[in-house]
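A.B. asks: Given next are the chains, with one letter for each unit.
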Amino acid sequence: MDWIFLTELAINGALTGLLYSLFAIGLVLIYKASSVPNLAQGGLTMVGAYVVLALAHDAGLPLWLAIPLAAVIMFGLGFGIERVALRRLAGRPVIMILMLTLGLDIFLRGTTLAIWGGTSRSVELGVSYDPLILSDIFISRIHLVGAGVALALFVAFMVFFRTRTGIKLRAIADDYMASWSVGISVEHGVGLSWALASVVAVAAGVIWGEIQGVDQALSLLLLKGLTVAVLGGLDSILGAIVAGIILGVIENVGADFLDPLVGGGSRELIVASVLILTVMIRPHGLFGRHDIERV
Amino acid sequence: MQEKVEAAPILSMNSVEVLYDNVMLAIKGVSIQVPTGEMIALLGSNGAGKSTTLKAISGLLKAERGRISRGEIAFQGTDITEVLAQNRVAMGICHVIEGRRVFEHLTPDENLIAAAPRGMSRSVLNAEKEKIYDYFPRLAERRNSQAGYLSGGEQQMLAIGRALVTQPSLLMLDEPSLGLAPFLVAEIFGILQKINRKEGMSVLLVEQNALAALEIVSQGYLIENGRVVMHGTAAALKSNSDIQEFYLGGGEGTNFHNVKHYSRRKRWLS
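One line per chain: the protein sequences are A and B, in this order. First residue of the first sequence? That's 1 in the working numbering, and the numbers climb one at a time after it. First residue of the second sequence? That's 1 in the working numbering, and the numbers climb one at a time after it.
Chain A with its partners taken away, still in its complex shape:
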């Protein structure tokens, strides 16, 4: 057993996992404030990356300006989605809202394809491709940057959900009707959660766009992001971080053992198994809220 190699697999797995967390935080934000799993988060992430590219490469702005500007635009888009589409469905069965987010995802994918085409583009973030070497362990720098961004967002949102606005969002997720009854603007709260999730999508889009290129495949991150969010317990940001690390390590180490046996492609299998097993064995995830049943 090569311990150094195994450690390297685990560390890089954990870092990749934190990048899944980065994506999953967007899902959790919306779930935490409206109890709806947002299937359009993949589409939003892709759009976030494309908007950064449009500002940086097409309009020629420097990246340090393009990224915050894209965040502002996406913040507005998030609010817009609530105003145009979701508001009509407030109080309707979750399945209808779920279908709406799925339709939105397809719509966003179609829109980017029509405007920017299907060829893969790179973000050119300027992070060196040379690995960082820590006592014989090779670590990807961009993964390290992304993991840092994920942890920073984690801290920021942990604080946010203790503020008055954050508490109101959690109240909305608990009970729309009761929220209305005490004057909480449910519509505004849901809009805010979508706006924040869209900002997270910019961060995830830039990092993942740098790693695998900006194209339609970016929206497929939804599958891994959703697995992390479900494993962590859909409404827990801490859960998203912990589950991201767990999934990343299992995937990276597991694939190293399984790939030679099945001839490759076991990563997807591992992710899918984790998702299915979580739903079967522990549907509220590692840190998710239980639905309270008093005896």
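To be clear, the hints were calculated from the coordinates, so they are not data collected in a lab. Warning: the hint list may mix true and false statements.
Facing chain A, according to a computed beta carbon distance under 10 Å, are these residues of chain B, among others [claimed, not checked]:
| hint | residue |
| --- | --- |
| 1 | G29 |
| 2 | R67 |
| 3 | S69 |
| 4 | R70 |
| 5 | G71 |
| 6 | G77 |
| 7 | I80 |
| 8 | R88 |
| 9 | V89 |
| 10 | C94 |
| 11 | E104 |
| 12 | Y135 |
| 13 | A159 |
To list a few chain B residues with every Cβ distance to chain A over 12 Å, as calculated [claimed, not checked]:
| hint | residue |
| --- | --- |
| 14 | L60 |
| 15 | T78 |
| 16 | S239 |
Virtual Cβ for every residue (Gly too), placed ideally from N, Cα, C.
Dock chain B against chain A, hints included.
C.D. replies: Quick look at chain B alone, frame taken from chain A:
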């Protein structure tokens, strides 16, 4: 039946009709008045239209695809028929909805914070919270546990406290006694009475438990089949023989051997 209006009404509802889904007529021309600073009860049996009346006043009808199809509601002299629910809360109407409905995954403290109006300063909010914990000492003890695990009585207290944070001038309660032990009902009603006296807050109380409600209110309305069928002072209602038979479980000294059930019916329904 006599109407005595001492103070100008804080709320007056004028022949209001409510339609659900544009077809189902839930209340058919209800007119009620809440005099400023008084406690008023809305009595009646299941499905009579009491809750719908409250929702028409608070604006929560919209969330259940209901709408006011006729009549108008005036609050402190302003027509609020078309005002959004959240703005009505800001104006001073707060509705404690049926079934307690606390924010289960939040602590009682967070439940109170969630209801704080926009722009309420931290010091005012803290003072408001302490005042509510004074009214409901049981809540103070459990302020940091999860609200979903509170007992039914504590949850009802929290629901009322949560409404008080919005600093209402008209507090409306939908069946606060539902599913609670009689001693808890007495405790909660006592606190309501105290709040009414100390803050001069007007209260509109919907109850099936007419016996308990008539003890603390000054006037009552009786609603049946979406219409107001009786209105009077609490004392008058308590002594009314029909009310006694149908809502208070028989008057004093009723000899059940002599009650001729076939001859007694709710005559006002015909």
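A.B. asks: Looking at the structure, which of the earlier hints fail to hold?
C.D. replies: As far as the earlier hints go, 1, 2, 3, 4, 5, 6, 7, 12 and 14 are violated by this structure, in ascending order.
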